[in-house]
Amino acid sequence: MSATATPRYEGKARLAHYFDTRAQQYDSHKLGMWLFLVTEVLMFGGLFCAYAIYRANHPEIFLYAHTLLDKNLGAINTVVLLFSSFTMAWSVRAAMLGQRRLLAGLLAITLLCGFAFLGIKGVEYNHKWQHGLLWGDRFDYAALQEHGAGAGAAAAGGAGAEGQAVMSELDRAAEVTVAHGHEPAAIPRNVHIFFGIYFVMTGLHGIHVIAGMVVIGWLLRRAVRSDFGSRNYTAVDLGGLYWHLVDLIWIFLFPLLYLIH
Amino acid sequence: MDEPGTPRDPAATDSVLDEPGGGDLRPHPVPLRLLAATFGALIALTVATVAVTYVDLGRLNLILALSIATVKGVMVAEIFMHLRWDRPFHRFLLLSALSFVALFIGILLLDSTSYQADLIQGFAPGVSQ
Numbered sequence: 027m028s029a030t031a032t033p034r035y036e037g038k039a040r041l042a043h044y045f046d047t048r049a050q051q052y053d054s055h056k057l058g059m060w061l062f063l064v065t066e067v068l069m070f071g072g073l074f075c076a077y078a079i080y081r082a083n084h085p086e087i088f089l090y091a092h093t094l095l096d097k098n099l100g101a102i103n104t105v106v107l108l109f110s111s112f113t114m115a116w117s118v119r120a121a122m123l124g125q126r127r128l129l130a131g132l133l134a135i136t137l138l139c140g141f142a143f144l145g146i147k148g149v150e151y152n153h154k155w156q157h158g159l160l161w162g163d164r165f166d167y168a169a170l171q172e173h174g175a176g177a178g179a180a181a182a183g184g185a186g187a188e189g190q191a192v193m194s195e196l197d198r199a200a201e202v203t204v205a206h207g208h209e210p211a212a213i214p215r216n217v218h219i220f221f222g223i224y225f226v227m228t229g230l231h232g233i234h235v236i237a238g239m240v241v242i243g244w245l246l247r248r249a250v251r252s253d254f255g256s257r258n259y260t261a262v263d264l265g266g267l268y269w270h271l272v273d274l275i276w277i278f279l280f281p282l283l284y285l286i287h
Numbered sequence: 004m005d006e007p008g009t010p011r012d013p014a015a016t017d018s019v020l021d022e023p024g025g026g027d028l029r030p031h032p033v034p035l036r037l038l039a040a041t042f043g044a045l046i047a048l049t050v051a052t053v054a055v056t057y058v059d060l061g062r063l064n065l066i067l068a069l070s071i072a073t074v075k076g077v078m079v080a081e082i083f084m085h086l087r088w089d090r091p092f093h094r095f096l097l098l099s100a101l102s103f104v105a106l107f108i109g110i111l112l113l114d115s116t117s118y119q120a121d122l123i124q125g126f127a128p129g130v131s132q
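These protein sequence lines map, in sequence, to chains A and B. In terms of the numbering used here, the first sequence has 54 at position 28, counting the first letter as 1, and numbering is strictly consecutive. In terms of the numbering used here, the second sequence has 111 at position 108, counting the first letter as 1, and numbering is strictly consecutive.
Calculated directly from the structure, the hints in this document are not laboratory data. Ideal placement from N, C-alpha and C gives every residue a C-beta, glycine not left out. Take the hints with a grain of salt, since some may be wrong.
[To be verified] The calculated lysine to aspartate or glutamate pairs, modelled on EDC-like cross-linking and capped at a C-alpha distance of 16 Å, are: (1) A/Lys38 x B/Asp27; (2) A/Lys56 x B/Asp89; (3) A/Lys154 x A/Asp166; (4) A/Lys154 x A/Asp96; (5) A/Lys97 x A/Glu150; (6) A/Lys154 x A/Glu172.
[What the hints assert, rightly or not] If you only want the chain A side, here are some residues facing chain B, beta carbon under 10 Å, derived: (7) Asp46; (8) Val67; (9) Ala82; (10) Lys97; (11) Val105; (12) Met114; (13) Ala120; (14) Leu123; (15) Arg127; (16) Asn152; (17) His153; (18) Val240; (19) Ala261; (20) Ile277; (21) Phe280; (22) Pro281.
[Claimed, not checked] Pairwise CB distance ranges, derived in the manner of DEER restraints: (23) A/Arg127 x B/Leu112: 44 to 54 Å; (24) B/Phe103 x A/Glu172: 37 to 47 Å; (25) B/Pro32 x A/Leu57: 14 to 24 Å; (26) B/Leu35 x A/Ala168: 49 to 59 Å; (27) B/Ala40 x A/Arg127: 20 to 30 Å.
Let's have the full structure, built from the sequences with the hints guiding it.
In structure tokens form, the structure reads like this:
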């Protein structure tokens, strides 16, 4: 391996008595983290399954309801999260190279990105709350009829020919006549199903963002204490893996919830 | 490479296979350029996925959106999550989880669509409004 002129800062390395070597310790920790991430994937898998089934059976709900989400805020949040993943990956590098100040700075930026993400999410949730765009019984259809008329019209325009085709096909196929409105932009039944799925998926994701921020905050504190270096970077690496997984899930949530066509 | 600080005698480290470094950590910092390029590509793909929603491609829209998301996911997993240089077993773990999720969704979709004939369009089962 390459020898640098000035030795890298090594950090405060510890070896638990039940491990033979540091490499073995690192590998065990990393394997454990990956096993945990696998269970996370499976947990979110259940929610993606619920999404897939409702969308396959009731596409009109999704076509209509996604227009009530703010595509721009969703895109901004995607960029924020991708950027934080970049700074997180960079901080793992900084820890390995023993760049203590850089490491602390990058972790701080990552943490700030987490706050920014939650802030934007809060703006979105607040908007939904005020317009009664909520789950189950809390969904306010009366308010949607009034307020959502504009959004609904935009939905019909935005969704375009495909949305119209789905609606007219439904009209033909339905044995029971669905008593929806007169104009084609009528609000489909059971829009609250979409918001149930939206809130559970983004809410569970948001809880993961908060958990990731707690981990990054802890890493930042230890980075400031100069704990990490070229022989002690496991915690940064594993915290990073968790943060990247949160990013990975959002990469799929964003197009599936905000960008339905 | 043998560090004087290694607490065990060299014989003990022999038990750890494929560790030529005497059992010490062998950090592999990912080049900063590669990280930055990955970030740039991820942003470009995000712009692309938003842009294609303004074009009506029918069914292709969903396929395209999921394909772009998958490409982004592979980049995050392979580079940011370091899978490309890791033990292959970690990648195997992730792929096995994703396979089970695919199986889960696939079989349930098959089952659900087999009841399509009984479904009243526009109504979701088990809910009232």
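Can you name, in rising order, the numbers of the hints this structure does not satisfy?
-> Hints 15, 16, 17, 18 and 19 contradicted; others consistent.
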